[in-house]
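**Q** Could you build the full structure based on these sequences and the hints that come with them?
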Amino acid sequence: MTQATARHILVDSEAQCQALKAEIENGRDFAEVAREHSRCPSGQQGGELGSFGPGQMVPEFDKVVFSGELNRVHGPVKTQFGYHLLEITSRS
Numbered sequence: 001m002t003q004a005t006a007r008h009i010l011v012d013s014e015a016q017c018q019a020l021k022a023e024i025e026n027g028r029d030f031a032e033v034a035r036e037h038s039r040c041p042s043g044q045q046g047g048e049l050g051s052f053g054p055g056q057m058v059p060e061f062d063k064v065v066f067s068g069e070l071n072r073v074h075g076p077v078k079t080q081f082g083y084h085l086l087e088i089t090s091r092s
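In the UniProt record's numbering, the protein residues as written are 1 to 92.
None of these hints come from the bench; they were simulated from the model.
Incorrect hints may appear among the rest.
Said to hold, decoys possible - Computed cross-link-like contacts, DSS-like style, restricted to lysine-lysine with a CA-CA straight-line distance of at most 25 Å:
1. K78 / K63
2. K21 / K78
3. K21 / K63
**A** Printed below as a string of structure tokens:
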């Protein structure tokens, strides 16, 4: 079964998500931004979500994580929880 590891940043608004994405794309560390801004408890670990398979996350997450380019910041991705930036760190 396919497995992936990823990290994310969860915020309340699409605008904030876009602004944080720009900061990361301009060289700011993803983990640092996650610790500072993410509403998810995983933010304290730099947004790390660990390893998971298809169907273990919400569908919007799965779509990006299991088809998106590795080591690139994806988003904003809107879910029932808010707006996410996602970085897929591995997939096998």
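**Q** Take the hints in turn and mark each one as holding or not.
**A** Hints, verified against the model:
1. Simply put, K78 and K63 have alpha-carbon atoms about 12 Å apart, close enough for the 25 Å limit, and the pair holds.
2. About 14 Å separates the Cα atoms of K21 and K78, which keeps this hinted pair within 25 Å; it holds.
3. Taken as a hint, the K21 and K63 pair is honoured in the structure, with Cα atoms around 19 Å apart against an allowance of 25 Å.
Against the hints set out earlier in the document, no violation occurs for any number.
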